Every structure is written in structure tokens, then in C-alpha cells.
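K.L.:
Order-wise, the sequence lines are chains A and B. Okay, so the first sequence: first residue is 1 according to this note's numbering, each after it adds one. Okay, so the second sequence: first residue is 1001 according to this note's numbering, each after it adds one.
The set of hints was computed from the structure by calculation and includes no laboratory data. Quick caveat: nothing in here was measured; it's all calculated off a predicted structure. We put the CB at the ideal spot given by N, CA and C, even for glycine. Check each hint, because a few of them may be wrong.
[As the list claims (entries may be wrong)] Some, not all, of what chain B presents toward chain A, calculated at C-beta under 8 Å: (1) Ile1102; (2) Pro1105; (3) Ile1176; (4) Lys1185; (5) Leu1190; (6) Pro1208; (7) Asp1223; (8) Ile1226.
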Amino acid sequence: MLPAVREGVPNEAEVAAADVHLRNVVKTYGGVVAVDDLTLEIPRGEFFSLLGPSGCGKTTTLGMIGGFETPTSGTIMLGDQDVSRVPPYKRDVNTVFQSYALFPHLDIFGNIAFGLKRKGMPKEQIASRVTEVLRLVDLPGYEKRKISELSGGQQQRIALARALVNEPRVLLLDEPLGALDLKLRKQMQAELKRIQQDVGITFLYVTHDQEEAMAMSDRLAVMNAGKIEQYGTPRDVYERPATRFVASFLGASNLIAGKVVSSGGAEFAEVVLAGGQTVRVPAERVTPGQVEISVGIRPEKLLLEPVSEPAAPGYNAITGQVILGTYLGVSHQYIVKGPADTELVVYVQNLGATAPTLGETVRLSWLPEHTFVV
Amino acid sequence: MSTVELPTATVPREPKQGRGPLRLGRFVLPVYTWLVILYTVIPIVLMIVYSFNQAPSGRMTFQWLGFTTQWYQHVFQIPDLTNALVNSLIVAGSSSLISAIIGTPLAIALARYRYLGRNVTEGVIFTNIAAPSVVVGASLLSLFITLNLNRGLVTIIIAHVSFCIAFVAIVVRARIVGLDRSIEKAAYDLGATPWVAFQKVLLPLIMPGIIAGMLLAFAMSIDDFIITSFVAGQTLTFPLWVYGAVKVGIPPQVFVMGTLIFLIGVVLALVNVFMQRRRA
Chain A
1 MLPAVREGVP NEAEVAAADV HLRNVVKTYG GVVAVDDLTL EIPRGEFFSL LGPSGCGKTT
61 TLGMIGGFET PTSGTIMLGD QDVSRVPPYK RDVNTVFQSY ALFPHLDIFG NIAFGLKRKG
121 MPKEQIASRV TEVLRLVDLP GYEKRKISEL SGGQQQRIAL ARALVNEPRV LLLDEPLGAL
181 DLKLRKQMQA ELKRIQQDVG ITFLYVTHDQ EEAMAMSDRL AVMNAGKIEQ YGTPRDVYER
241 PATRFVASFL GASNLIAGKV VSSGGAEFAE VVLAGGQTVR VPAERVTPGQ VEISVGIRPE
301 KLLLEPVSEP AAPGYNAITG QVILGTYLGV SHQYIVKGPA DTELVVYVQN LGATAPTLGE
361 TVRLSWLPEH TFVV
Chain B
1001 MSTVELPTAT VPREPKQGRG PLRLGRFVLP VYTWLVILYT VIPIVLMIVY SFNQAPSGRM
1061 TFQWLGFTTQ WYQHVFQIPD LTNALVNSLI VAGSSSLISA IIGTPLAIAL ARYRYLGRNV
1121 TEGVIFTNIA APSVVVGASL LSLFITLNLN RGLVTIIIAH VSFCIAFVAI VVRARIVGLD
1181 RSIEKAAYDL GATPWVAFQK VLLPLIMPGI IAGMLLAFAM SIDDFIITSF VAGQTLTFPL
1241 WVYGAVKVGI PPQVFVMGTL IFLIGVVLAL VNVFMQRRRA
């Protein structure tokens, strides 16, 4: 496996300001490693997502921060307090569960007031806090309703309100939108983002949906097989995926194997692709001494041109054969057989240009700065 | 910007029942069901009907001699019988309560935790239900004799609790297994200690199960004859008294009491179902 280059690792000031620190956290279940030596800083007041496929350890990580799982080794700090072995009811975090986990025997007021009552808050204050948080989640006046009277989306909001009303240090969200239909999910994404900005509480959001994570997060960490593959802003991670896994999990990527032939001192390193064509990549993206690499380009960064037209200066260019074209309305998607028979995906915005025919040899070009290396 | 109208899903029509070649739904199933219902209900109906029968000698006869409500007016006329019924109610009441108190934590343990001896406990519960009453009764009697316990209400209650726990545990466990585990987690998450989470969240949610378990235990206890006859000593419960009376003739009050016990059971069960529906 390639070494995980941790792009956008927070600097020391960020570490100091972070709300949640995970240090070398390991969790094993009877010999099976679920979380493998995880170190992570979640900055205060940010919308942070843990993104990964199912079984990557993201929910286990969330469970350890919430206090439902105890780390096998390593420490979890909330601010400067070590909470690794503190039970959930003594931690200043609250969770929005995937199944909402609302209390069916209590009305909405009873559900939202549950946490405040445990803290022994005076009754009048509880009532006003509940009213306030119901307004925040856009369900004012719902105090006396029963849980069973609510739709899925409304239950979701109540679950959020029940957690937020306690003003926790960190709010944990475990795939909270998973049970909603697409339209409602998009709406709730925007809503969650708005609420997070309103209250300024650190949100730790766990999801396997890359689009969701990209749309909402200030920063995200991509997890795979119990490890963090990459950490950074959605833009960093998308534009410069550090590993093969990230490149393919977060959006689509074209990866072509190649050899670095020159890198010393210049702005761009030259890479000879399998099949013999040469492209340029920003030199700082090539680890010194590394020779065998894969060059990556996102499908929307590629320009598809007829070979008869002259190539634009400064662009990387390779040739290939169109083997499949799909009309998607907003764009065309082409599969082009490129160097060493690698199948490359190209998105062409639907501007009404003449479509290349199947079997036609075309040129794919892109800016060298749009190239990443894994 | 225009709103995108999602097409409303068309609900596929359920295929009509009983359209198969055998038309099971139309004839066979209703007839079969009604036969089973008759089979189970006839004895109870007979008991109720004969509780209104005239019986000049004060002993039950199965000839219909005319309608009367006199046995209902004089239901507590036979002191020994009344005493036996009171004993039965005390035994059934306390053993269902005690077995709920012991059986509920057992159900929680079985449903929610993995621990050494869990499978053994489970096995014991099922053998407890499967064990023949004669065996249980005889072994309990020898245990009480060994311990030098005087046979009476206490030993009957101890014996009844021992078989009622299993029923409570099974009914309550089914209720807990049906609950989303996250609900308890949510209680902890919101600052409830394990005890508070139990009191405020788990207990109210499993209460219908506990009540259903207690009703079942009550029903098992109030008509137990075999085990009771081993451990009762000189004390008589309702079934023991009735058994003793069979040889000389059963007074009609027995049918009245049987009817009343049955009706109380039905009412309680209906109330529990109704409460459960209202909560949900």
C-alpha cells in the first residue's frame, strides 16, 4: 500500500484549538482490528465529516467519542479532558442516532427536555429552552405532539433538537439522513449546515455518502480499513487525493501508471506513461526518489478534442480511441481507451458540440496543475 | 426555478385472497378456524351456562333445570370454598408479582448482555417450562422436607414463583428484543445514569410486556393443581378444593367462581392490549 500522505494536517495552533483529539486510538473486537492507530484532531466549531465505506471503522470511532465503546488503547480527549474511559452520561457530547432513537413513551417536550432534566435545570428554563430549540429546527409549537404523529423528516429534526438543546461540546451525528428519501435528504443537508452555523457547535458527522460529506463539511477525513487515508478540506481532498483509495472513493478518477523521468529543480516533473507518451505534473506532488507512480486526472478536467486541431500550448495531451459514449443530458460521458489500454472516463459539458464517433481517435488534454499523483 | 414533481408511486394492488385453485381463503380456512375456536371455547361456554343452572340439591347436575342467578347471589356461601379461593388469589397475586420482580432483570440480562452462563440460564428457563409438573412437585416437596419448611401458603408461593419466572422472563425478553438498542444509548447519551435510564426509559417501554408476563403467571398459578398438591400441606387452594369436591358433587358456586376468574382474566388482558395500542 502507498504511504498515506496526510494533506492538510492541522498545524499546532489548530491542534490547540481542537475540540476532540484522538491519539493512537485502537479498537479491536476479538482480534479483528476495527480502528487502527487513529490520530485525529477535530477543530472547534467546525462541521467535520468522517467519510468511508461501511465497515471502515467510522461508526466505531464515533461510538468511542460518544462513550459507547471503550478504546482498546490510545486516548480520546475532549478539550483538555481525557474521556477515554468516562461513561457516556458523564461526557459533554450528544449523539443524533441513525435510527433517531426517540423515546416513544414521551411526547416531544419530554424527549427534548430529557437531557436538561438530568442536569437539574429549573422547569421554567427548560420550557423556554425547548421552545427555542423547536424554533431552531423549524417545528415551533410541537411540544405536546406524540412521536408517532411525526414524519421521518420531523423525527429527524426532533432527534437533532433533543441533542442540541444540551449545548454539547461536540455533536455526533451517525448517518442521520440515511433513512430519508433523496429530496428530503438534500433539504436536511442544507438545514443541518445552517443550524451548525447558527449554533457554532462542533459537528462530527459520519457518513458513507461522499456528496453529502462534500456539501456540508468544513473539513473531512476519509477512512478506510480502520485508518485515516486523508484529512483536509473537501476541495483539498477532491483536487489532490493522496491515495488510490481516496481518488476512487471520492468522485471518479482516471489513473494511469507511469515512471518519473526528471524532477530535479524544475516546476514540473516529467512522467513517461505506460505506452510511451510523456506528461508533466507539478514537481512538488512527486515524492523525491519515487519512480513508479500513477498519474491521476478527474474526468471533468479532461478536454476531448479532435486530433486534427492543434494542441493548446502548455497542456498535457495524450491520444486514445473512443469506445463508448453515453448521453446524460447535462453532459456526455465518454470512455476512451488511452495509454496501455487504460480506460479513461471523460465528462464533456453539453454545449451542443459535434459528438465524436465510436472508434475515432481523439486527443485528451488537461492542465498539468490538474494532475495528481498517487 | 421550477419545482420538480416526483411521480406519485402507484401502490401495487394486493392480489385478492382465495383466488388460488383450491380457494383456501373462501371456505377451508374459515371453517377450519371456526372448528378450532369451537373446540377451545365450548368447555368455557358450558361452565358459564351451567353457572346459571338450577341445582336444588346444591350440587351441580348436567341436566338443564332452569335459569337462575342465585349462585351469583350466594357465591361466597361456602366458607371453605371462599377460603380456598382467597388462598388461590393470594398465591397467584404474590407469585406473579414476585416472579415479575425476579424475571424482569433476568429478561434484560438475557436480551441485552453476553455473559458466562447466559446459555445455561436460557436452557434452564426452557427446561423449567418443559419439565413435567409431577417431577417439579415431587422434587420441591422433598426439598421442603429436607429444609424442614412447614408446608402452607409460603411453600406454595415459592413453588409457583419457581415456574412463573420462566414465563415472565420469556414474555419480557421478547418485548426487549423488539426495542431499538439505540433508545437506551440515547438515554445514557443525554446524561441518564444506568439506573435513571432504566427507570425513565426502559421500564416504561417494557411495562406492557411485564404486565402481560404477570397475567400469564397469574393464570398459570391460579389453576395449578399438580405442583400445588405436593407442596400445600393442609392448605387448600381453589383447584385443590374443587378436586376434593368432585367425589361428593361440585357446588354450582365453583362454576360461578370459575366464570368470574375467567372474566377478570379476559378484562385484564384486553386492558393491557388497549393500553399498549394507546401508547404506540
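K.L.:
It remains to establish, for every hint, whether it holds in the given structure.
P.N.:
Status of the hints after comparison with the structure:
With 8 Å as the threshold, the beta carbon of Ile1102(B) stays out of range of chain A, its nearest partner Cβ sitting at about 24 Å, so the hint is violated. The beta carbon of Pro1105(B) comes no nearer than 20 Å to any beta carbon in chain A, farther than 8 Å, and the hint placing it at the interface is violated. Because the closest C-beta pair between Ile1176(B) and chain A is about 14 Å apart, greater than 8 Å, the hint is violated. Hint status for Lys1185(B): holds, given a least beta-carbon distance of 6 Å to chain A, under 8 Å.
Checking Leu1190(B) against chain A: minimum C-beta separation of about 4 Å stays under 8 Å; hint holds. Annotation: interface hint on Pro1208(B) violated; nearest CB of chain A at approximately 10 Å, more than 8 Å. Nearest Cβ of chain A to the Cβ of Asp1223(B): about 33 Å, over the 8 Å cut. The hint is violated. Nearest Cβ of chain A to the Cβ of Ile1226(B): about 40 Å, over the 8 Å cut. The hint is violated.
Checked against the numbered hints given earlier, this structure breaks hints 1, 2, 3, 6, 7, 8; the rest are met.
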